[in-house]
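Protein sequences, first through last, are from chains A and B. 5 is the number that my numbering gives to position 5 of the first sequence; each next residue is one higher, with no gaps. Remember, my numbering sits 233 above the position in the second sequence when you count from 1.
If you're looking for bench data, these hints aren't it; they were derived computationally from the structure. Mixed in with the good hints there might be a few duds.
To be verified - Reference excerpt, derived from the structure (chain B facing chain A, CB under 8 Å, subset only):
1) Tyr243
2) Tyr297
3) Phe350
Stated by the list, open to error - So these bits of chain B aren't anywhere near chain A, every CB distance computed over 10 Å:
4) Ser309
5) Ser412
6) Val435
7) Gln439
8) Arg451
9) Arg461
What the hints assert, rightly or not - Subject to a maximum C-alpha distance of 25 Å in a straight line, what follows is the list of computed SDA-like cross-link-like pairs (lysine to any residue):
10) A:Lys232 <-> B:Phe385
11) A:Lys57 <-> B:Gly379
12) B:Lys290 <-> A:Thr17
All C-beta atoms, glycine included, are put in the ideal place defined by N, C-alpha and C.
There are 2 protein chains.
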Amino acid sequence: MKILIVHAHYEPQSFTTALKDLAVETLVAAGHEVRVSDLYAMHWNPVASVADFGERKNSDYCTYALEQRHGFENGSLAPDVLAEVEKVDWCDLLILNFPIFWFSVPAIMKGWIDRVFVSGRFYGGKRFYDQGGMTGKRAMLAFTLGGQPHMFGIEGIHGEIDLMLRPLLRGALGYAGFSVLPPFAAYHVPYLSHEGRQQILVDYQQRLLTLDTLEPLRFPSMGDFDERLYPKA
Amino acid sequence: MKILIVHAHYEPQSFTTALKDLAVETLVAAGHEVRVSDLYAMHWNPVASVADFGERKNSDYCTYALEQRHGFENGSLAPDVLAEVEKVDWCDLLILNFPIFWFSVPAIMKGWIDRVFVSGRFYGGKRFYDQGGMTGKRAMLAFTLGGQPHMFGIEGIHGEIDLMLRPLLRGALGYAGFSVLPPFAAYHVPYLSHEGRQQILVDYQQRLLTLDTLEPLRFPSMGDFDERLYPKA
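Excised from the complex, chain A in its bound form (with noise of 0.2 Å):
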């Protein structure tokens, strides 16, 4: 398998960072080609704006997803969003690697969402969720953050997590045609002790071991819907 991590923390020494090493030798260890974008490292720039495109289309007016797909169709896209396209491409799973800011992907990371999703390559005009560009691919998130798991029940004080993280795993990568795998949280890290820290890592490698085993989460079938998406009687 070919697995592609992007990484997105500002201290190289956080746990977020051991999670992305240990998932690197693990998977190298199983046989896999890993390929990783550290964020941070590479001072990637997450402002999508015209200086993203080489000739545009539209030089007057500028519509960010059209001028995309223009400048991906003819390679005149920045060659640092081409880099990374051409690693999602590579890549048969991708896993995002961070710390929960905001119930999300810290700016850096969304920035890397907003500018290498192109139009045109990871969906278009009806090509989303089971359409998408990406479909045949497998995509994870794998995340730290301080709360904890009775904090994301049904009851829990702020909801359930796949609702706090719908955006991006429905709105985003299901909706770019990835096969979503269930997140893998590490709840309560600021707080934990070294032990619990070293469980983490013992369950994040036992996950990563078995990712085949892993049902991937529901979203909705284009088949369900008409021309104009609305449901279909």
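With chain A fixed as given, assemble chain B onto it according to the hints.
Just chain B now, with coordinates in the frame of chain A:
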């Protein structure tokens, strides 16, 4: 009323920008004070990093929220962050004005939240939701998107818009204590006629002049949870 509009769009001629301009004009004409943070024009840096801190609490290992709290208390946070915190402190109503990117804010605005919603002022310890630092202030999202309303019904292909936006509405604004007004959504913008867009401007102006009639969204109340944040029996 004192109103802060945080605006993010890469195209100055965009309809999203027209919504921002209309809001400024309408609210000033109605006697309110308005300030605008135009993130693209300001070249806002969205990346949370160690560069945000002057004198560090722990110079060997950075925990972003802890350094935020420390830096806010002693005034050593990055000046661009402090300037935005001051604007939020000043305002009675915060409007986030943006185009939907992957069912969320563009990265430049996510990074405004990541860096500006500082621990110690916006939240901290058990101070969140109705105990959050921003209680007494209101907040509202105003955004443009390509999708149409029927795609966001309970049976719609993307599910309810408030669920897709949950990490923003509840996980960021609600968590920080804001009273969150229902979002203003400008649907189908890239495909609308001139008349269709004019109608949205009329609707938005009407919305801005009747904010007091809106019922805020409902989020958890800390009083319903015990010390360890388990639901009270």
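**Q.** Minimum Cβ distance from Arg451 of chain B to chain A greater than 10 Å, as the annotation requires
**A.** 12 Å, holds
**Q.** Distal placement of Gln439 of chain B relative to chain A, Cβ over 10 Å
**A.** Gln439 of chain B is indeed farther than 10 Å from all Cβ atoms of chain A, at 27 Å.
Q) Is the shortest C-beta separation between Tyr297 of chain B and chain A less than 8 Å? A) 6 Å, holds
Q.
Tell me if the interface restraint on Phe350 of chain B is satisfied: Cβ within less than 8 Å of some Cβ in chain A.
A. 7 Å, holds
Q: Compute the least Cβ-Cβ separation between Ser309 of chain B and chain A, then decide whether it is above 10 Å.
A: 17 Å, holds
(Q) Does Phe385 of chain B sit within 25 Å of Lys232 of chain A, going by the straight-line distance between their CA atoms? (A) Roughly 15 Å separates the two Cα atoms, so the pair holds.
(Q) Beyond 10 Å on every Cβ pair: is that true for Ser412 of chain B relative to chain A? (A) Holds, because the least Cβ-Cβ distance between Ser412 of chain B and chain A comes to about 18 Å, which exceeds 10 Å.
Q | Given pair status - Gly379 of chain B, Lys57 of chain A, alpha carbons within 25 Å | A | Distance ~19 Å between Lys57 of chain A and Gly379 of chain B Cα, so the pair holds.
Q) For the pair supplied as a hint, Lys290 of chain B and Thr17 of chain A, is the alpha-carbon distance within the 25 Å limit? A) With Cα atoms ~21 Å apart, Lys290 of chain B and Thr17 of chain A stay inside 25 Å; holds.
Q: Could you check that no beta carbon of chain A comes within 10 Å of the beta carbon of Val435 of chain B?
A: 23 Å, holds
Q.
If I take the minimum Cβ distance from Arg461 of chain B to any residue of chain A, is it greater than 10 Å?
A. Check fails; 8 Å does not lie beyond 10 Å.
Q.
Just to be careful: measuring from the Cβ of Tyr243 of chain B to every Cβ in chain A, is the smallest value less than 8 Å?
A. 5 Å, holds
Comparing the model with each numbered hint stated earlier shows that hint 9 is the single one that does not hold.
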